[in-house]
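> Based on the provided sequences and hints, a complete structural model is requested.
2 protein chains.
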Amino acid sequence: MDFKVINTDGKARRCSIGTKRGSIDTPAFMPVGTNGTVKAMSPDEMKDIGAEILLGNTYHLYLRPGTDVISKLGGLHKFMNWEKPILTDSGGFQVFSLSTLRKIEEKGVQFRSHIDGSPHFIGPKEAMKIQGLLGSDIAMTFDECIPYPSTYEYAVKSVELTTTWAKRCRELQNEGQALFGIVQGGMFKDLRHKSAEEILGIGFDGYAIGGVSVGETKEEMHEIIDYSAPLLPSGRPRYLMGIGDLGDMLRAVDAGFDMFDCVMPTRNARNGTLFTSAGRISIKREEFKYDDRPLDPDCSCYACRNFSRGYLRHLFLSREILSMRLNTYHNLCFYLDFFRKMRTAIEEGGFNQFKDRWQPVFDKSYPDNGS
Amino acid sequence: MDFKVINTDGKARRCSIGTKRGSIDTPAFMPVGTNGTVKAMSPDEMKDIGAEILLGNTYHLYLRPGTDVISKLGGLHKFMNWEKPILTDSGGFQVFSLSTLRKIEEKGVQFRSHIDGSPHFIGPKEAMKIQGLLGSDIAMTFDECIPYPSTYEYAVKSVELTTTWAKRCRELQNEGQALFGIVQGGMFKDLRHKSAEEILGIGFDGYAIGGVSVGETKEEMHEIIDYSAPLLPSGRPRYLMGIGDLGDMLRAVDAGFDMFDCVMPTRNARNGTLFTSAGRISIKREEFKYDDRPLDPDCSCYACRNFSRGYLRHLFLSREILSMRLNTYHNLCFYLDFFRKMRTAIEEGGFNQFKDRWQPVFDKSYPDNGS
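Here the protein sequences line up with chains A and B, keeping their order. For the first sequence, the positions run 1 to 371 when UniProt numbering is used. For the second sequence, the positions run 1 to 371 when UniProt numbering is used.
Please keep in mind that the hints were generated in silico from the structure rather than gathered at the bench. Note that this is a predicted model, so its numbers are computed, not measured. Check the hints yourself; a few may be wrong.
[To be verified] Computed beta-carbon distance windows for the label pairs:
1. A:G22 to B:N271: 34 to 42 Å
2. A:G22 to B:E286: 33 to 41 Å
3. A:N352 to B:D48: 53 to 61 Å
4. B:K189 to A:H114: 53 to 61 Å
5. B:N271 to A:Y148: 37 to 45 Å
[To be verified] With a cut-off of at most 27 Å between alpha-carbon atoms, the simulated DSSO-like pairs for lysine-lysine come out as follows:
6. A:K107 to A:K129
7. A:K284 to B:K78
8. A:K289 to B:K72
9. B:K78 to A:K72
10. A:K289 to B:K284
Every residue gets a Cβ at the ideal spot worked out from N, C-alpha and C, and that includes glycine.
Below you can see the structure in the form of C-alpha cells.
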C-alpha cells in the first residue's frame with residue numbers, strides 16, 4: 001500500500017492511498033456495504049457516483065452467507081462485482097454491539113449470532129483468517145470497543161487486550177493485504193495516548209481511532225477527535241471509524257483525519273431524511289406535496305435531475321423501493337460530492353473558508369446523528 | 001391512435017399501435033407501475049430493457065398521491081419521468097378486489113379506501129375524469145369485474161351495468177386519449193357474446209377482455225380466451241387483461257390477442273421466483289449456495305452478466321433491496337425478450353414452432369399463477 005500526502009492546509013490533509021485495485025483520494029468517505037451490497041445501490045451506480053472504496057462488514061459476511069461461500073465464489077470483490085478497493089472491519093465492533101451472550105477471553109470472543117442465535121467464536125486469529133478469505137484490500141485489527149460510559153479500570157484492561165489482539169493480528173497479517181491498527185481507550189485521554197503508543201509500536205500500514213460515537217456527547221466526541229489525531233503518525237492514513245455526521249467529519253478533517261465510514265447517508269435515506277446544500281430535509285413533510293422543484297437544485301444527481309420533491313414524497317409515503325433507491329443515490333452523491341469539494345478546498349489552500357461556509361449549515365441542520 | 005396489422009401467422013398477429021408518445025409493437029407485454037413506479041425499477045431501466053408502454057393503476061393513484069397532486073405536477077408521464085405511452089386501467093378491478101364496504105349503484109361504486117378506510121365514489125364519470133387528469137395515452141372504460149363463481153343471474157345484470165357504464169365513458173372520452181372498451185360476462189359464453197356485441201356496438205379504439213384469471217380453473221380460462229378473441233374485431237387492438245403466465249399468454253397470442261399486463265414478473269421477482277429459459281427457479285434454494293453460474297446463461301441482462309446465483313441467493317436471504325432490484329430487472333427482461341422473440345416468430349411465419357418449443361417448458365415449470 002502506497003501513501004502520499006499531496007497537500008496540507010492547516011492540519012487538514014489531501015492525500016492519496018494507492019492499492020493494487022486503484023487509488024483512493026483522501027479525505028475519503030467509504031460507503032458501507034454491510035451484506036456485500038451498499039443497501040439499495042448497484043455496484044455500477046456506486047462506480048458512477050465516484051466511490052473509490054467500500055467498507056464490508058466481516059461479522060455480517062462471516063455469519064451470512066459465510067466465509068466459505070464468498071471464498072468459493074472468488075472473494076468479496078467478485079462476489080459483489082466491485083473491482084475497486086474494499087476495506088473490511090474486523091468484526092470487533094459488531095460482536096460487541098449486535099451479538100448476544102458475549103464472553104470475552106484472552107483469545108477472542110464467544111458470542112451468539114444476532115440472526116439465529118448460533119454460537120460462534122471470533123478472535124484476532126479468526127478475524128485475520130476471515131478477512132484473508134474475503135480478500136479485502138485493507139483489513140482491520142480485531143479490537144474491543146467498550147461501551148459508554150465505562151469505568152477507568154475496565155478501559156485500562158480493555159486497552160491491554162486490544163494491544164494483545166493487535167500484536168496477534170500483525171503476526172498473522174495476510175499477504176498482499178494492508179492492515180490498519182485501531183487505537184481505543186474510551187473517553188480517557190491518557191488511555192488514548194497509551195493505546196496509540198502501543199499500537200504505533202507494533203507498526204501498521206495505517207491507523208484508526210475506534211470507540212467514538214458510542215453514546216458520548218458531541219463535546220466529548222470532538223475532544224477525543226482533536227486529541228487523537230496528532231497521536232497518529234503523519235506518514236500513514238488516519239481513519240476515524242464510524243463517524244458520518246457531516247459537521248463532525250468536517251471537524252475531523254480539520255484535525256487531520258483522512259478516512260471515514262458511516263451508514264448515515266444510506267440509513268437516513270431509507271428513513272426519508274435527505275441531505276441538501278440548504279440543510280437536512282424530511283421528504284415526507286406535507287409542504288412537499290405539490291412541490292415540483294428538484295430535491296436539491298444545486299445537485300446534479302439522477303434523482304435531482306429527473307424527479308420532483310412531490311414525486312419523492314409520494315414514493316416515500318407509498319413505501320416504494322424506488323424511494324429507497326433515489327434517496328440513497330442522492331444522499332451518497334451528496335456525501336461523495338462534499339468530500340470532493342473538501343479535497344479541492346485543501347488543494348487550493350481554502351479549507352478554512354470552506355469550513356466557515358459549511359460548518360454552520362451542518363451545525364444548524366444536522367443536530368444529531370441521524371435516525 | 002393508429003393501428004396496423006403487420007403480419008399474421010395463423011390467428012397470431014404482429015401489429016403496431018401508434019400514439020403521439022411512440023409506437024407499441026404487439027404482441028406487447030405492459031409492465032405494471034401501480035403507484036407511479038414499476039416496483040424496484042427506475043424509468044431509465046424500463047427504457048433500457050425495451051418497455052414501450054407501462055400500465056398505471058387509476059384506483060391507486062387516485063387514492064395516493066391523489067389526482068390533484070399528479071395533475072399539478074404535470075400529469076403522470078412527467079410525475080414519474082416516463083415519456084413513452086401509458087395505459088391506465090379504470091379502477092374498476094381494484095374497486096372490486098381491494099376496497100371494502102362496496103355499494104354498487106347505477107352511477108358507480110361507493111367504497112372505502114384499502115389504505116385508510118376513507119369513503120370514496122368512482123363511476124364512469126369519475127374514472128374518465130381521473131384518467132384525463134393523469135393524462136394516459138390509453139384509458140379503459142369503468143366496468144364491473146364479477147367474482148368467481150357468480151350466478152348466471154348476477155352475471156346478466158353485471159353485463160348490463162358494464163354496458164351502461166361503457167356508453168357513459170364513451171360519451172365522456174377525453175380529447176387526445178384513446179379509450180378501450182371492456183367485455184365482461186364471467187364464465188358464460190353467451191354473456192361474453194352479448195357483452196362483446198354491446199361493447200362493439202358503442203365503438204372504441206380498442207377492446208379488452210376482462211374478468212379472466214379471477215379464480216377459475218386453467219381449462220375454463222383457456223376456453224374463455226379461445227372463445228373471446230374472435231368476438232373482437234381484427235382491425236383494433238385486442239387486450240387480455242391481467243393474464244401474465246407465460247404459457248397462458250402464448251395461448252392467448254395464438255388465439256389472436258395483442259396486449260397483456262400482469263404483476264407476475266415483478267411480484268414473483270420480489271418473492272425470489274425467477275423465470276429462465278430452462279424453467280422457473282426459486283433462488284433461495286440450498287442448491288444455489290455455491291453456484292457461480294449466471295441465473296440464466298441464455299440471458300444477457302445486467303443481473304445475468306454480472307452476478308452469480310450464489311450471490312443472488314445471498315441477497316434474497318439477506319432481504320437486500322438489491323435482491324428485489326436484480327430479480328425484477330431479470331424477470332422483466334425475460335418477459336420483454338420473450339415477447340420480442342414471439343413477434344419475430346410471427347413475422348417469420350414460425351409461430352407454431354415457437355409455440356411447440358416453449359409451451360412445454362412453461363406448462364411444466366410454471367404450473368400456477370405465481371405466488
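> Hint by hint, which ones does this structure get wrong, listed from lowest number up?
3, 9 and 10
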